[in-house]
Each structure stands twice: as structure tokens, then as C-alpha cells.
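Going down the list, the protein sequences come from chains A, B and C. Each residue of the first sequence is one higher than the one before, starting from 64 at the first, in the working numbering. Each residue of the second sequence is one higher than the one before, starting from 7 at the first, in the working numbering. Each residue of the third sequence is one higher than the one before, starting from 1033 at the first, in the working numbering.
It cannot be assumed that every hint is accurate.
[Claimed, not checked] Derived coverage of chain A by chain C (criterion: at least 3 residues anywhere in the stretch with Cβ under 8 Å from a Cβ of chain C; other residues may be distant): (1) 386-395; (2) 432-446.
[Unchecked claim] Pairs of lysine-lysine, DSBU-like flavour, derived with a Cα cap of 30 Å: (3) B:LYS413 x B:LYS427; (4) A:LYS432 x B:LYS83; (5) C:LYS1086 x A:LYS432; (6) A:LYS316 x C:LYS1086; (7) A:LYS432 x C:LYS1039; (8) B:LYS216 x B:LYS195; (9) C:LYS1039 x A:LYS478; (10) A:LYS478 x C:LYS1086; (11) C:LYS1039 x B:LYS83; (12) B:LYS83 x C:LYS1086; (13) A:LYS293 x B:LYS133; (14) A:LYS293 x C:LYS1086.
Worth flagging that the hints you see were computed from the coordinates, not collected in a lab. Given the structure is predicted, the values throughout are model-derived calculations rather than measurements. A virtual CB, placed ideally from N, CA and C, is assigned to each residue, including glycine.
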Amino acid sequence: MSSKLPHTLEQYRHAVHAHELSAEEYLDETRQCIEHGDPQVRAFLHLRLDAARSDAQATNPLSPLAGAPIAIKDNIMVAGERCTCGSQILEHYVAPYSATAVVSLLAAGAVIPGKTNCDEFAMGSSTENSAFFPTHNPADLTRVPGGSSGGSAAAVAAGFALGAIGSDTGGSVRQPAAFCGVVGFKPTYGLVSRYGLVAFGSSLDCIGPITRTVRDAAIMMNIMAVHDPKDATSVKRPHVDFEATLQPTLTGKRVGIIRELQRLDVQPEIAAAMEAARKAAVRSGASIVDVSLPHILSALPVYYIIAPAECSANLGRFDGVRYGLHVDGRNMTETYSRTRNAGFGTEVKRRILIGAFVLSAGYYDAYYKKATSVRQLITDELEQALQSADVLLTPTTPTTAFRIGAVTDPLEMYKADVFTIPADLAGVPAISFPAGKDAAGLPIGLQLMGPRWSDADVLSSANVIFTALGGES
Amino acid sequence: MTTTIGLEIHVQLATRTKMFCGCSTTFGDEPNTHVCPVCLGLPGALPTLNAEAVHLAITLAMALGCEVHEVSEFSRKNYFYPDLPKSYQITQFDRPIATVGSVPIVTERGARSIRLTRAHIEEDAGKSMHVADITLGGETLVDFNRCGMPLIEIVTEPDMQSGDEAYEFLRNLRRLVRWLGVSSGDMEKGAMRCDVNVSVSPDPALRGTKVEIKNLNSFRSVKRAIDYEEQRQAQCLGGGTSIVSETRHFDEVQGTTTVMRSKEASNDYRYFPEPDLPLLQLDSTELESLRAQMPELPWEMQSRFERDLGLSPYDAALLTEERSTAEFFQQTIALYNNPKKAASYMGTEVARLLNERGKTLSETQLTPAALAGLLTMVENNTISNTASKDVLPLLVDTGVTPAEAVKNLGLEQVSDASAIKDYACEVIAENATQVEQFKSGKEAVLGFLVGQLMKKSKGKANPKLAGEVLRTLLKS
Amino acid sequence: MAMIIDKETLEHVALLARLEITPDEEGSLLGDIERILGYVAQLSSVDTSATISKRPAMAELRPDEPCEGLTREEGLGGAPAMRDGFVIVRNVMGAEDE
Ligand SMILES: [Mg+2]
Ligand SMILES: [Zn+2]
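Here chain A stands alone, though its shape is the one from the complex (with noise of 0.2 Å):
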């Protein structure tokens, strides 16, 4: 793409709103880039770039958006298009709603370049567990891009979509944003609508912005918080401007950094760009503090009962009766079990296996219970630490992106989402922003968290700190 081009919504949208673009010239831009680098990238499962150029003729140019490309994770619903999950077993499923979140993006002047890959039903951490094809990372393509939000991510850092939204259950936003060089948000849990979206891990699951900077974050955030009453958990808060609130310093804010996940191995790269964030912090007037959370290394194996056993309950509605795919059997049994096995993926299978056996009779205190104690314990706990600092720092991954095929144990997969897990469990926002590259020039992706409700603060604090890392402002 043309380097006049602007790159970021927010030079979008002042750019169209000073008439020096139209949302048409820029879409046929976009074009021109999705069909020269999307083969490569596959960060798309479908397109539908003529009805995008007709919906960005119909924009009002002094709308938020004003027809800017948002690209939309193929697990939320977009009415009249399909919405496959990456799983066979909605290959054909054409959405006859869409999702609030959706909603609000095309009231702001959004329109929809296509649907992103993604890991079958959001399970996964690499994309590569769609049941079409792996999308391949814009910064190196024999590399992953993360999940399970891979496709959105990739398009954004490929310049697919000025933004992408995706969904968040334990990192599916942030780590892939880490993995392609560009910013993830989970907001608070209930900040915005879950409507719409195909649930996964229902008491955890988040759709957030994925963009190039924090400000773009920002901007999305303005448009998607807002109280939906078709999601009972959607919380209605008064209205903040997250863009207005962006402060240009630090000034009084205490970052903090967590004792128990600094023993962790990390990619000596993603320390030392830690080190760099937390320096270009105390720069920025803030001061360091540490903090210590005595369970947080307990949320992973809370997380892999809990998500399951959810989703066992959420993906029994996929049984080939009123939708999807269907396959025969002698009896009702029979049909069931033909159609979901072959509909699901292995991973799937599997997750939704461990769901089933945590919470059978006999199992369920054990596991189920038990997690969901340890959970609120891990939730109390980060609730405290975040008294006596405003953010939390911490890497958001171990690594950066790994090559397509290299992680092959579900369980070394997991893994990869050691530091995205807690914000999931704990509802509470966080950011993954770029903060450089390691010595094979991958993105590094650092986080912050910090209490429910903060999201205008998190944004804040993630922007000066992106921005003071060489991030555009």
C-alpha cells in the first residue's frame, strides 16, 4: 500500500473527514492489497469486498468510522453472511443476526471486508486448528500469527483492515496481536455485548479490538462499549470517551510487576524488552512496584476446566437438527454422534471431552468446583495486587510466534497463554501492545492489566508506554 496512505483509523477518519480521501478510493486500496497479499496470509476464511465498496459508497463520510475496513472474527455473527467458527460443522451457516458488537461497528460507518480464520470455535493458540487452512504470519509466513484470533490479527498487520475485532477467552485477542506486531484489547467482561458472538467459554469470552495502535484501540472501544440488554452479563456504566481520556504521561501511576511470573522462562528477547517497557515507564513518571499474586500460576490449569466444561455445554447445540451440518444415522444417537464427529476437529473433540468428564457425576467437585474456587481466589488475589499498583506489566507470551507446525503437544500449547489466562479468569481489562522485535525481527507483545473498569486507564497507560517504545501515537 502506498505510504501516503493513511495506516491508522485515526489518520483515516481525519483524513476522510477532511475530504482528502473517500472511504471507496481507500476500500479499492484495500483491495488491491488483500488480493496481492491474502493468498500468502490466508487471514481470511470469507471476502466480500464488492458488498464492502457499495456499503462504503452508502457511509456518511462524517460518521466515526466513515466506511473505515473493519475486518470481523469468523466466530461473530454478521447478518446474511456466513459464520463458520473455522469448524466444518457450520461450513455452510449463514448468520440470520448480527452480533450488537457488529452492530455498532456498522451504525459508526465500519464496513466488513470479510470474515477472519480463526481456531475451530476460538480453541486454539495458532490458527492452525481451523478446519479450512492455517493463516500464515504477515511478519514471517512460515510462522503462526497466534489464536485463536489469528485471521484478524494478520489482516491488521498486513494492512487487510484498518481494524479487526476478535474474541478473547484466554488470550485469543492479545496473543496473536503479540505474535503480528500490533495491539489486542479484552476489555472488562461485560464492558462490551457477548451477543452475537458463538460462545466458547461463556464466563470468560470477550470481543475486543485488534489495531495498529493503542489510540485505534481507543477509538473502537468508543464505539463498541455499550450496554446491550440482549446480554444479561453486559453492565451498564456511565459513558467514558476512552480516546478523550488518553493522557500523554504516567505522571502518579504505579506499574506493577508480579513476583511469580518473572520466574517463568521467557525468550531473553521478551525480558529484555520488559526491561526496556519498565524503563521507558519510570521515563514517563511512573513508579515500579512489585507485586505478588501466590496463585497466579494456578490460573492455567483453572482455565483448562473451566473453558472446557463450558464449552461442552455451549457446542452441544451444534447436534445437525436445525442448522449446520448433518450427518444420518439409524437413530437419533446415532446422528448425534455422526454429525459432531465429523463436524469438530480434534482439538475441539477433545476439549469438549475433558468439559463432559469435569463435570459428571462424581468428577465435578473435584475438578469443576474446585476450579472455580481457585478462580475466585486468583480473582481476589489480583483484585489486591491491584491496590498498591494502578497497571500490571508482564510479557504476553513466553515466545514470539512459532513456525507452523512446530508445537504439536496440546498441552505445550496451552502454555502459550500463561500470561493472557489471569485477565480472562479475573475479568479484568488488558492490552497487548508491540514493544520491538527479537533478533529474528518478530513482534514482541508486552501486556498490561489492571482492575475492572479501568479500560480508559489501561488504554492510557499501554499508549504512553507503546508510544514511548517508538509506537505511533
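Assemble the complex: chain A is given as a structure, and chains B and C with the ligands must be docked to it using the hints.
Same frame as chain A, now just chains B and C with the ligands:
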């Protein structure tokens, strides 16, 4: 042999929309026309709880004497069935909205109280119709209109000992739900459904093996199924066969129960808290005001009518079957201070007319004031009791006042002694034989002569006065 | 380490979840699940005796007002079998299905 019976009753709450979505609850429409992403279990859809369903559930639970909990929780009950779109039912498990309670019943064995274990709110499944077709191997037709209908499930303690008691319990519960307006209680439309647990034991101190009976479509079926099952289990035990814990299906035609499935193969429902719905927290002041607004319950009113108004048990039961009838009665006796007479008139003349018209009281033009007026006219001898039967249809059908009706029909009672004397003279002249009999001491003949006089006056004569005038003339 | 989940339990759980485990999957699936369950079982050593659940409460309930749903075609247009407005499935009266 001792029989122990417990019931699980599902009552459909009378809301406009379903439990977790805005689809209409209208019954009897074309299949699959009241559906949406939520009740069809489409991907991405989420439940939102109907405030009115909660309100109705609390009202009923309070009337049942339950402890209503300020905090309750929804859970998912997981099982696969084609009429269960999400593959789980949203119900309450660990923390139901209400626990303990009781319903009084009266049977031949006297008055008793049936304890309730709990009451919880949940959504209904869709409706499956099984079509047996040999060539097709059989198929099932599914309609999701019913899917997501709001229900309250009431679970009793195993406190009943006969089919009659279960029948009486259900009748009384149905009267209550209709009384409160929380449900139509209409079993034919599935607004009230009941599963029965029956166990028979030769030792009164020991509980027998529990057998569950499903597919009970009327109160009578409940009684029939229990009676059959009682006999079947007793026969098994008598013959040395032990009872198997199983679910049985009631066959309406045969009046028998057959095995549906054995309990051992039953599902492991994997209940867990519903993450899509935060806890249900009730406001304590709202609960208090609901409690304060609670109307007098049918069984409370029934015993008050017997105790304070001296009504017969039959009349008291009849008048408290429907709340509108009870209220009509109370308004009537506020204007006409003879409850026993009003009750018996309502139970006979009014009831007969309603029956003929095929209408309920509220569907007619009759008002408490009109009925009180009519009864007062009889009491004052303005019209005779017989004449009142001609007046009543006008009040019921047209809504005119009793005075207008009486005037229109020309039915004012003749209490004028001189006019009656004229009739009496004619009667004496025309019935010489009977007059002789009376004079020779056969006093009973007077009744016949009064009857003749009434006929002459077209029923308008005051019968009491007629008797007196005849007697005076005959004795003179 | 003692087996957490054996073949029979896995088959039982698979039936509950209406999944079919093919013979060639069985070994690896059982092995992976066994290792994952072994890993998450470490939670048993965490002391949660003082932890109190703090699930939030619903802020507001939905008013009982009908709103527009989907037509039969919109909602069930993708169903594999329909007749006279009904969704058709195989007969489910069989004991194993309930
Ligand atoms: Mg139930
Ligand atoms: Zn609905």
C-alpha cells in the same frame, strides 16, 4: 401395603413472552412461528430473564407458603434431545428461588397438609410428536413454539398416600394458580403437567422402590395411573417380585403403565451454574410489598365462609373455585345480608343458568348489585321466589336492574288482601270437594287450594297471605 | 500415577457428549486427556477453604413485551428436514435416546 406418592408439577406462568426471549407465548399457532435466535439455540444468542415470570413465580411461591430466597441461581441441565435446541435446559438446581411450603387438602380421610420440597423456575422444551411409520422407521415432528415457555416446577414431599389425595392436591393447586392469575392451569394446553413418583411397601416403616410415571395429561389420568401402579406394585411384591426403579409411561387407552426406561441408564445431567445469567437477586422491599398484596387464598376464604358465614362445605367450595365467583359473592352479600341464602341461590339458580348459557359469571351481564336487589325483592315479598326465576334470565342476559325487569314482566307480587280475597272466593267456589275435605279436618288440602290461587294470580299472589286469606274464609 | 480416566470412562463421557471416538483416535485421545487432566489435577493442593464465591447479580430483568423474532424460514431454513412447518428427525422413542 403402604403407598407413598410424590409429585413434580410444571406450571406454565401466564406471561406474554417466553422465559428468556421476547417470543410470544400464544398457544395453538402454526408450528415454528414463535421462534428467534434465543429459543432456537442459534449460535451467539443469549438468554435474558423475563421479569414478569419471576414476579409470577414469587407470587405463587409465597402463596404456597414457601421461603422465597433473595438470591437464587440458574444452572444448565445438559442432555441431548431434538426438542432441546441448546442441548441444555436453563433451570435452577443448587439454589432454587423457593424452598419448603405446603398445600392443604381435604379428602374423605380428613384435612391434611402436603409439604413441598422446593419450587424453581425454568424454561420448557419444544414439543415432539412421535409418528410411528413402519416404512420410514418412525419419525419425530418438532415444534419449537413451546420451547422456552416459562415454567415453575413444584416438587412435593412424598406425602400423599392415594390417587385421591394426589387428585385433590392437583385440583387445589390448580385452583390456586388460577386464583392468583399466575397460570391458566389448563392441562389440555399443557399449562400444567405432572410427573408422579409411586412406591409401595409391605412395611409402613420402610419406603418402597420409587417408580416414576410420565405422560399424564389430566388429573383423572394421574389418579388412574396411581391406582393402577399401586395395584401392580402390590401384586409384584405379593408374588415375590421386587420393584425396579424405572420410568413408566401411562397408556390413556389401556389405563396401564409400561416401562419407558430404567433409571440406571438415565442421564448424567452435568448441572453447572449458567454463566450467561448472573445471580437472580430479589429486592427485599419488593418481596415485602408482594407479600402485603397477597390476596386471601381460596382455601382460606373457603374455611372463613364455613366458619364465619355458616355456609355448607359444598357451597363454600363452589364459591371459592374461581376468584371472580368468590368476589361476586362477597360483593353480593355486602348489599344483601343473608350469606346462606345468597350462596344457595348462586349455587342453584345462578349456576343452572350459567350452565345453560355455557358462560362464566363474568361473561354475563349479572352484577352483584342486581343479584342482591333480586334477593332483597324476594325477601320483601315484592316478588315471589318462583317469579325470581323468571327475572334472573333478564338480569343475566340484558343487564337491566331487577326493578326494571320485574316491571317489564309485570311480576310484582300481589300482597293486597282484597285482591287476594277475590281470587280466594273463586277458588272456593270452583273446588267444592277440596273445601269439604278441609272443613272435615283435612288441613293438608289447604296447600292444594293455595296452589290453585297462585295459578289464578299467575304466580303474583303472596303465597303466605293467600294461605291466610283462604284459611280465614274457609273457617268463617 | 494412577489413571484418572480409563477407556470405559472416556467412552461414557463421549456418549454423554454425543461424540464418536474412532478406534484410531482412542489411544492418542485418551493419552492426551489423561495428561491434561493430570496437569489440571494440581489444583487439589490449593487451599480454597477461605474463598467465598462472589458471582455478580443481574442488574435488570427483561420487560415482558413481545418483540419480533425470526420467520420459520429465517430461523429454520437450514434444517436438514422440514415438513408442514415441523422439523423432522429420526424417531427418538428408542430407550437409548432419552
Ligand atoms: Mg424440571
Ligand atoms: Zn424466542
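Status of the hints after comparison with the structure:
{"no.": "1", "hint": "386-395", "result": "holds (count 8)"}
{"no.": "2", "hint": "432-446", "result": "holds (count 9)"}
{"no.": "3", "hint": "B:LYS413 x B:LYS427", "result": "23 Å, holds"}
{"no.": "4", "hint": "A:LYS432 x B:LYS83", "result": "16 Å, holds"}
{"no.": "5", "hint": "C:LYS1086 x A:LYS432", "result": "14 Å, holds"}
{"no.": "6", "hint": "A:LYS316 x C:LYS1086", "result": "28 Å, holds"}
{"no.": "7", "hint": "A:LYS432 x C:LYS1039", "result": "24 Å, holds"}
{"no.": "8", "hint": "B:LYS216 x B:LYS195", "result": "28 Å, holds"}
{"no.": "9", "hint": "C:LYS1039 x A:LYS478", "result": "26 Å, holds"}
{"no.": "10", "hint": "A:LYS478 x C:LYS1086", "result": "28 Å, holds"}
{"no.": "11", "hint": "C:LYS1039 x B:LYS83", "result": "25 Å, holds"}
{"no.": "12", "hint": "B:LYS83 x C:LYS1086", "result": "22 Å, holds"}
{"no.": "13", "hint": "A:LYS293 x B:LYS133", "result": "25 Å, holds"}
{"no.": "14", "hint": "A:LYS293 x C:LYS1086", "result": "23 Å, holds"}
Every hint, counting from the list given before, is met by this structure.
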